[in-house]
Amino acid sequence: MASPDAHLSSPAAGPWSASHASRVPVVWGVVLIAFVGFWLYGRSLAGWAFDYPRGWTVPAARWISAAMKWLINDATFGLFSFTDMTRFISAIVELPYRLAQSLLSTGFLEGSGSSAVQILPPLPWLAVVGAVALMGHALGGRRLAALVSACFLFIAVFGQWSSAMTTLASILVAAPLGVILGLLCGVAAVRWRGFERALSPLLDLMQTIPVFAYLVPVLFLFGFGPTAAVIATLIYATPPMTRITILSLRAVPSEVIDLGNMVGCTRRQMTWRILVPTARESLMVGMNQVIMLSLNMVIIASMIGAGGLGFDVLAALRRLDFGAGLEAGLAIVALAIALDRLSQAAAHRLATPLKSDARKGFAARHPYLLAALATIGIASLLALVLPWVHTYPQSMQLSTGAFWSDVVAWINVNYFDTLEAAKNAVLLNILIPFKRLLATLPWLGVVGLLGFAGFRLGGLRLALLTAGLSFLIAATGQWEKAMITVYLCGISVIIASLIGIPIGIVTASRDRLWSVVQVIIDTLQTLPSFVYLMPAVMLFRVGDFTAMIAIVAFAVAPAIRYTVLGIRKVDPRLIEAGRAMGCTEWQLLTRIKLKLAFPEIMLGLNQTIMFALSMLVITALVGTRDLGQEVYIALTKADTGRGLVAGLAVAFIAIIADRLISAGAGRVRARLGLE
Amino acid sequence: MSFPDPKLVCRNVWKLFGADARSWLEAGGTAADGEGMAAAGLVGAVRDVNLEVREGEIFVIMGLSGSGKSTLVRCLSRLIEPTSGEILFKGENLLAASSQRMIEIRRHLMGMVFQHFALLPHLSVLDNVAFPLDIQGMGRAGREARAREVIDLVGLAGREDAFPRQLSGGQQQRVGIARSLAVEPEIWFLDEPFSALDPLIRREMQDEFMRLQSVLRKTIVFITHDFDEAIRLADRIAIMKDGVIVQAGTPEEIVLKPATDYVSEFTRNVTRAKVVRAESLMTAGGSEDAGPKVDARATIAEAAPLFLDGASQLGVTGADGAVIGTLHRDAVVSLMLKG
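These protein sequence lines are chains F and Y, in that order. First residue of the first sequence: 1, per full-length UniProt numbering; consecutive thereafter. First residue of the second sequence: 1, per full-length UniProt numbering; consecutive thereafter.
Bear in mind the hints are in silico, worked out from the structure with no lab data behind them. Misleading hints may appear alongside valid ones.
Okay, the calculated beta carbon distance ranges per label pair [what the hints assert, rightly or not]:
id, chain 1, residue 1, chain 2, residue 2, range
1, Y, Ser264, F, Glu585, 47 to 57 Å
2, Y, Gly321, F, Arg268, 50 to 60 Å
3, Y, Ala145, F, Pro253, 21 to 31 Å
4, F, Ile520, Y, Ala19, 30 to 40 Å
5, F, Leu369, Y, Leu109, 42 to 52 Å
6, Y, Leu109, F, Ala75, 31 to 41 Å
7, F, Ala91, Y, Ala19, 45 to 55 Å
8, F, Arg349, Y, Glu184, 34 to 44 Å
9, F, Met85, Y, Ala145, 45 to 55 Å
10, F, Leu350, Y, Ile201, 22 to 32 Å
11, Y, Glu92, F, Ala75, 50 to 60 Å
For glycine and all other residues, C-beta sits at the position ideal for the given N, C-alpha and C.
Start from the sequences and build out the full structure, keeping to the hints where you can.
Given below as structure tokens:
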């Protein structure tokens, strides 16, 4: 009896499949041997292939800087100049921001600077807490109300109120603008193919380019201050919304679109009466994303003048005040949790209407709005006579900052040697050898190898992309720093995977454990990335090791998540079939689950790399010597060209990794018959 | 029998997928030339279809999945642009109509019911039903009054404020039916309206549909993959396979004279007595005293109980009530015994 499986794997199945299977490793072997040979013996033959000759460098940084200068000084659109346009954009953002900030934080001022006179105080803290509690109750009942008011109380008790309100004001401006902008771009992309074709590479780039890199041009064009920070936040948070909009509008069932045509919708009616409302559940997810991404940007944006909690964290980090940084960081987390849950509840509520009440009166339709207005009104009046209603009394504030600083100091006093030994061991045995190895690789060989990998995995187009982008990194004189980036990122990703994938495997089959782990990694992902940096710096001071710890901590979440999702997505009938055939648990895991989850795990690896790269740039603050540092230096010098070129180099690394892994995962998936 | 004028005529309609489909057709491609079509890299979803839908009839297009029936109905309403051919709706060629004109036609003259209901999740039942009228720009009072009328008609009164996800599948399709009727369409397309429903509910909805049609007398194009459903509902059936109509005719013609082996695959298990009408089985001529009377349009299954009283023959009456033939007991028995 010949089972079909045996038949397939037998050599008789066909000369093509047999020779194909054996040809792949042979070709790889030849190419790798050639590469290693060239690396070992090629230096004397072709030194230029190892160190990119200075004379060949394309002065892209200088060109970009010159272009920016031209934009600002000379560019015009006929009726108005480029500078007029940037001023106009600033004005659009500035107005609502000033309003929100006055309302929440500073009060309405007359005059400017230190001579300003407050004509109207900001909203009393009690009114804000009351209003968000009511909002929570309206959207998600008593539990949500308790949660969000607890978050805001936490902020007040730990003395972060005023900063937190400044941050909240910028989010309140950035998030709606981001949602609207993203929605419009997405709608336009769905409607006009050409627009989408122009947009999609831009979206790819925006997703991979480190935030720092576009802080520089934003700083250059819009100056230092909260407006520029809001604009940078918009640039960061809008692309995902655009993407989600495109995806969710495309996911509208074709029958619903047919319906729209059959009732005679015009194109505008089709968009706004059929597509957008039908997709609104997913669009709400986009809204939530925009809010969370805006919060992610809080600290980074404070580098170009956002102020608020982000500035507090940054300042604390700069003076190595762990306690203060942690408290401000936790206040960001509290804000993030409150806004996340509120927006999720809002999404849920909007997506699943319970009853139509269009025929009731205004008061009956908006009881919560009226109650919130009443709360604000009453609190504002009370605040005139009772100062504690207006400002949370200082005497009741708590601070644990000193405590945390003491803890860190204690650890450093007592365990300094142990920590130092561990650090040095890893540095000397792993980090430095790997770094040296990468530094000696010939750029030409790496470009060729990447091109070959691209060709094997995705054909000529991918080969041109990977080879071309890596060549551009070398040609713009970034090779050395790029290799340091690859080294730090590579080590961190390997360690994150070594930690994350086993945790994922263990967790995947245990529902209760997974629900706990899920909460933990969700929280890890809401934490602003800077928070990871601080304890690492406290314990290990500055340097590559510290950076690596912070990157691993940040990037381990996607490794766990995708492993678990991949394994849980494996068809339970297959596992049942495996059991029925008498597989042991180990065989089930290695022969069925991991095999089928492999493409998903590869995508997790992809995400881990992306996370690692985004964190890597931030670790420039702790003194790495990679592309991130280059961007950071450019930021402090407002050197647009230098910042963009280094930022693009990071983006290129991310794109190369992403495309290669996606192509590989796609091939594996096709081979496993999962497509 | 005299037939009313055709409401919708479909002439040589083609829908080919693939590059240069038009030039292949112009070079003389025919429906019979399946190999040539495949060689040209084309996929024929609808091939050279001709049909006429008459005023007030239920015209069923029956085919298995992939037979092109859904593509064909979308060509009829021009949701899909046919590659070539003519579609005449009340004498007007739809394929020549401007997009503005198509919007007008769809807004006022066409209604469509979808397999998966296609209800808008964010709107209540009332707003869903009123939606086509809203799109036309009708005021709130007017459209809601009309929506309530049709909601009553489909038996959903009282559920106006519910949302689609709160309704069962059968109820959701009633909303879909009400919505398509809200504009009082002259032609009513139903694309597998009951396929997504449980068998019992499907039966109930078919009955409901027949009841509605007895009141409304719409011109209907009904798509289904269920041959029994087609037999039950149709005045005429067109059977599709691989984009071609292999046979068109009344249920009786199809059951009694299947044109191809493919068609007889479907008809084999059909209970003849439920399809064959008295007029087909009678012998012409007869007298007024031939026995109990039965209408010529009645099926044999309906006529058979009349023999229970011991009669050996029935008088078959035509449209004017006069006897036009005789139905013999032996003929009925032999038909029923054959299945």
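Hint check:
{"no.": "1", "hint": "Ser264/Y x Glu585/F: 47 to 57 Å", "verdict": "holds, 55 Å"}
{"no.": "2", "hint": "Gly321/Y x Arg268/F: 50 to 60 Å", "verdict": "holds, 58 Å"}
{"no.": "3", "hint": "Ala145/Y x Pro253/F: 21 to 31 Å", "verdict": "holds, 30 Å"}
{"no.": "4", "hint": "Ile520/F x Ala19/Y: 30 to 40 Å", "verdict": "violated, 53 Å"}
{"no.": "5", "hint": "Leu369/F x Leu109/Y: 42 to 52 Å", "verdict": "holds, 44 Å"}
{"no.": "6", "hint": "Leu109/Y x Ala75/F: 31 to 41 Å", "verdict": "violated, 54 Å"}
{"no.": "7", "hint": "Ala91/F x Ala19/Y: 45 to 55 Å", "verdict": "holds, 51 Å"}
{"no.": "8", "hint": "Arg349/F x Glu184/Y: 34 to 44 Å", "verdict": "holds, 36 Å"}
{"no.": "9", "hint": "Met85/F x Ala145/Y: 45 to 55 Å", "verdict": "holds, 51 Å"}
{"no.": "10", "hint": "Leu350/F x Ile201/Y: 22 to 32 Å", "verdict": "holds, 31 Å"}
{"no.": "11", "hint": "Glu92/Y x Ala75/F: 50 to 60 Å", "verdict": "holds, 55 Å"}
Checked against the numbered hints above, the structure violates hints 4 and 6; every other hint is satisfied.
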